[in-house]
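Enquirer: Given the structure of chain S, go ahead and fit chains H and V onto it with the hints provided.
Residue numbers (this note's numbering), protein chains in the order written: chain S, -2 to 278; chain H, 20 to 338; chain V, 2 to 347.
Read the hints as simulated data drawn from the structure, not as lab findings.
Treat the hints with caution; some may be incorrect.
Derived DSS-like pairs (lysine-lysine); straight-line CA-CA distance at most 25 Å [what the hints assert, rightly or not]: (1) S:K156 x S:K126; (2) S:K142 x S:K113; (3) S:K221 x S:K156; (4) S:K142 x S:K120; (5) V:K173 x V:K14; (6) S:K219 x S:K156; (7) H:K274 x V:K307; (8) S:K144 x S:K126; (9) V:K10 x H:K237; (10) S:K120 x H:K237; (11) V:K14 x S:K142; (12) S:K126 x S:K113; (13) S:K142 x V:K173; (14) S:K144 x V:K307; (15) S:K165 x H:K237; (16) S:K126 x H:K237; (17) H:K174 x V:K307.
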Amino acid sequence: MNLNPSENLIDTATENLPGPAVSEKPGSPELATKIETRDLNFFYGPMQALFGISIKIAERSVTALIGPSGCGKSTFLRTINRMNDIIEGTRITGTVYLENESIYDPQVDVVELRKKVGMVFQKSNPFPKTIFDNVAYGPRVTGIKNKNELEEIVERSLKQSAIWDEVKDRLNSSALALSGGQQQRLCIARTLATNPEVILMDEPASALDPGSTSRIEDLIYKLKQEYTIVIVTHNMQQAARVSDSTAFFYQGELIEFGLTETLFRSPREKKTEDYITGRFG
Amino acid sequence: MLPSSKHSLSAKTNFRRIWEGIVLTSLMFCATVSVFVTAAIIFVLVSESVVGIGDSLAFFQEVSLWSFLTDTAWAPQYGEGQFGILPLLAGTLWVTGIASVIGLPVGLASAVYLSEYASPKTRGIIKPLLEVLAGIPTVVYGFFALFFVTPLLIKPFAENVLGIEANIFNAMSGGIVVGIMIIPMVTSLSEDVIRAVPRGLREAGYALGSTRFDVSTKIVVPAALSGILASFLLAISRALGETMVVMIAVGAQPKLTWNPFETMCTMTANIASMANGDAGTGSVEYRSIYAVAFTLFIITMGMNIFSQFILNRYREVYH
Amino acid sequence: MNQAGLQYKRRLKRRHLVSRMFAIICIISTWFGLLVVALLLIGLMFKATGIFDITASSQTELRNWLTPHLLTNHMSSHPEKAGMVAGIWGSFWLMVMTGFFSIPLGVGAAVYLEEYSRENLFTKFIRLNIANLAGVPSIVFGILGLTVFARMFSLFHDFPPIGIPVGIGMIKIPIPFGRTLLTGSLTLSLMILPIIIIASQEALRSVPQSIRHASLALGATKWQTIWHQVLPASLPGILTGTILALSRAIGETAPLIVIGAVSFTVYNPGNMEHVSDYLTKPEVLLTVPSSDFTVMPLQIWNWGTKPQPEFQDLASAAIIVLLLVLLCMNGLAVFLRHHYGKRLDW
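In isolation and in its complexed conformation, chain S is listed as follows (with noise of 0.2 Å):
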């Protein structure tokens, strides 16, 4: 396999972005880059997880990772709101682009660019407070302090979030006892509160049953017209179901990444064609 595959893989994604795959999404045609990674290698101590990643993502669209487990993808994730940081003995090289700003950069905030990248986890990990709190925290933390605005907030990320009609009858009852996929999406109305511009998924809907997943299927559908969303899964069909392009992670290498509608209808890459047709992973 060739070393270096990503560069010409990404200019053809970007590319072929306005094609038929994206056609019926609103907006404009030609969609600008949103991050961007250049060579990105990562390091748990002296284990080396990814290798010189490079690639390029689009805003207000969908990108899956896929790949089997331990390939990296959720480590690549996770280098977008340099989650990572808090493991001890991490180590990078490379550079990552969120516009046009190195997020490593010494003079980057951390925390100022975790509100800009939000992220939702696999299993969903709602604290133990009530609903509005929940969905409050990243405001409040913020400062906002004022009763009517964070209200509004509360209710306009449920209402995103599609979570609403369930709840806005018991805002103030523990958010612990709603059920997994309910939790999940209030998960993603506590991030989507904060007001960001990238949205990080990581297996967000693998510990759940077929009818939350989907009802998560159709919120990440909805959400791509305002955010971009970046999205780990290890559910090819929900790749396919939900992403616009698709990149795929085998052994801390980008294999191949392109519009997932080629991606999976013919992928260049024999790896990716043996992993996609179920040979392993």
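Expert: Frame of chain S; chains H and V shown alone:
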């Protein structure tokens, strides 16, 4: 299989079974000893303070419970003797209160530091040091208070800043040192419960754009609150039961006072000094230590059981 | 940049400041106790060795109290002649006898709870009871020892001592036990029992199930499996916990005051005059359990509460000795944990 060999096999099995039975019985005995100990403690305290054994009278058969609980003086040596627990309770509360004001916040802050801020390497240095601190005998802490804290800190502070006289034996000095003494306990108990807070909650917090302060104080500590309260209760109960520091630094004069720079007497110090003194074994004076110990036991046991209850429920939530 | 963005930036600066200040407070808190105790220890060391006494009045002469006499002499009303040999031997025998009673009981209880018991109401009750017993103030154990062992509820009067035959003679046990080493060690055994049980339980729990299954599959009985496989594998952990519990026991003072242990004595346990007595006159050993005794912490308490400053300095020196002994024991425990803990890393 031949009948003879079958026979020997079963004989051996029989012997084994008997031996295993003996072992199991003795191990079970070992496990029940702790229950016997608790029962013995309760029996001793009840028999000497409430109902006497044989012809000897128990404490409460000579002194009424009412006067024990309401009398404002503890003066067994004068006349009929006064046995009011209030001065001893007040002394205990003073010392425990001062110790809590110092030990609880400092211990909690250091637990937050160890679990949320410190690198594994720093933790590897500090935790053994705290263990060493916890291993220093209480009699040593007592002399820290008497030799250094009182003359170098308490007396100058009281005399120069507050303009009042401080006794060599005073509740302030003992309380401060007991507070320092319980720090390692608060730290290690609180750190355990704080670390039990799922990692996912911290990650969610950081992903929402929180500083470490936000995550520590608005997510982790609230999530661990009941566990932290339980560890506080255990530490307070430890401070309540502390004897040597109090006996050495606070003194043994039961006094009902609002001035923490005065000498006082706690329940524990009272027990120790009474037992050490020359009250005759049969006297009311001597038996009063059982009534005081009973009071102390009920208070500490109640706090311990309550905190165990909270901790068990806490563990159920996060495991 | 818009208004909200600017405001966010301004607030962010303040949040970082708050966060940093909070971190500093937490760090100070962490080191506070350690530093204060370190300072006090240094002060104590200076006081004991006469280098510098921050609290001394001008008349007291500074001298080094940390001398060989301190280790070899008996107590005396002259501070220059006083030593703590009786306390050292008392602490030694107290530790040996406390270990003799508490280790089998504690480890046995832990084995039962971890290896045999099923999770039912009874074991739940025992567990809760052990946890609560660990929180009972030591002075209450003193009262238990005083009443049950030292006085035996005052039920026995003029009762002849009981003789227990051992190889070289008889151990004579007075009834009631009185203020003897036997009373002291039984009392402290009960006090440290919960600590030993909890530590042993943890050590047993860390032995992987596969070892038990392998042994049982080879036809060993449950007890054979425990005795030959599980206990040896958990020994470092059990020893570490036991040493820490015993070091807690020899630092204890309050329960011993209550049972009536003497703080001033000029006799070693068993009236032994020289270490060689234990070898040349082994019958001395038989009288150890029924001897009156003192321990290091009691002597420290006795000296430190005397009004003369010389005795207080002597107490400081004795504290240093006690702390060194405890440091050695702690060091041994840490060594065992690390050395064998690594070798037995599954």
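Enquirer: Taking the hints in turn, state whether each one holds.
Expert: Evaluated hints:
{"no.": "1", "hint": "S:K156 x S:K126", "verdict": "holds, 20 Å"}
{"no.": "2", "hint": "S:K142 x S:K113", "verdict": "holds, 20 Å"}
{"no.": "3", "hint": "S:K221 x S:K156", "verdict": "holds, 15 Å"}
{"no.": "4", "hint": "S:K142 x S:K120", "verdict": "violated, 29 Å"}
{"no.": "5", "hint": "V:K173 x V:K14", "verdict": "violated, 77 Å"}
{"no.": "6", "hint": "S:K219 x S:K156", "verdict": "holds, 12 Å"}
{"no.": "7", "hint": "H:K274 x V:K307", "verdict": "holds, 23 Å"}
{"no.": "8", "hint": "S:K144 x S:K126", "verdict": "holds, 17 Å"}
{"no.": "9", "hint": "V:K10 x H:K237", "verdict": "holds, 21 Å"}
{"no.": "10", "hint": "S:K120 x H:K237", "verdict": "holds, 21 Å"}
{"no.": "11", "hint": "V:K14 x S:K142", "verdict": "holds, 17 Å"}
{"no.": "12", "hint": "S:K126 x S:K113", "verdict": "holds, 24 Å"}
{"no.": "13", "hint": "S:K142 x V:K173", "verdict": "violated, 78 Å"}
{"no.": "14", "hint": "S:K144 x V:K307", "verdict": "violated, 65 Å"}
{"no.": "15", "hint": "S:K165 x H:K237", "verdict": "holds, 24 Å"}
{"no.": "16", "hint": "S:K126 x H:K237", "verdict": "holds, 10 Å"}
{"no.": "17", "hint": "H:K174 x V:K307", "verdict": "holds, 20 Å"}
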